[in-house]
Amino acid sequence: MEFEFQSHPAELARIPEILDALGRRQPLGPKTRLALDTALTEHLTNIITHGCRDGAPHRIRVRLTLDPPCVKATVIDDGPPFNPLEHPPVDTSLPLDQKPLGGLGIHMIRSSADELTYRRENDRNILVMRKRLA
Amino acid sequence: MVEGRLDGALANQLEVEILNLIRENAQQIYVNLANSDFICSAGIRVLLQYYRQMKNSNKVLLVTRPSAAIQSTLDMTGFKNLIVEGSESKT
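Sequence lines, in order, name chains A and B. 34 is the number that this note's numbering gives to position 34 of the first sequence; each next residue is one higher, with no gaps. Count along the second sequence starting at 1, add 1000, and that's the number in this note's numbering.
Keep in mind that the hints were calculated from the coordinates and are not lab data. Please note that a few of the clues may not be correct.
[Said to hold, decoys possible] Just so you have them, the derived chain A footprint on chain B, three or more residues with Cβ under 8 Å:
#1 1003-1010
#2 1035-1049
#3 1071-1077
[Claimed, not checked] Only part of the chain A face toward chain B is listed, based on derived beta-carbon distances under 8 Å:
#4 Glu-4
#5 Gln-6
#6 His-8
#7 Pro-9
#8 Thr-41
#9 Leu-101
#10 His-107
#11 Arg-110
Idealized CB from N, CA, C, for every residue including glycine.
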């Protein structure tokens, strides 16, 4: 299944719809669904807010495929190179007073996916996430 | 009480509401997340930012009665201390 998103924050509200569509084909447990929702929301937010600052309209393609025992989500965008795996992990054990305000979104992408790969191909960012069906 | 997905848009709205309460000199703000089934990093950042601001002036901002999904996300990100003790979701 493939879906297209415009580079606008209002588009983020469509993520539950595409997960509903996937869920009709393959029932998703609540943990799998939450993980996909979190990872897609955070990654698309980063693309829309950081990757598309030039004001030009960009398209983001999200492909959801069943890859038993996993669901595979592939996100392709034509923004500037952006590899979330290059960012240092955040220390989640720090007390609330010392936690950094940044880096949380990327941490949430990393912790939600069971497997995450990034590549740059034909001037596009391609992030592939796999999440086990639970 | 927050209803619905605490994504970027609702996080902005929550921030406005918290700022209104702070302006009215609220001593304690409790954000009830029983009816919200999703929180993104922007939502967590708003909670953290105003938790700190309130704490620095000896006031309180905490989350109460998180839904199972919110509880799970706050656990994963290391933010379960934002939840009022005893009001955690039992899942």
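Checked hints:
no.	hint	verdict
1	1003-1010	holds (count 4)
2	1035-1049	holds (count 8)
3	1071-1077	holds (count 4)
4	Glu-4	violated, 19 Å
5	Gln-6	violated, 15 Å
6	His-8	violated, 11 Å
7	Pro-9	holds, 6 Å
8	Thr-41	holds, 5 Å
9	Leu-101	holds, 5 Å
10	His-107	holds, 7 Å
11	Arg-110	violated, 10 Å
Violated hints, in rising order: 4, 5, 6 and 11; the structure is consistent with all others.
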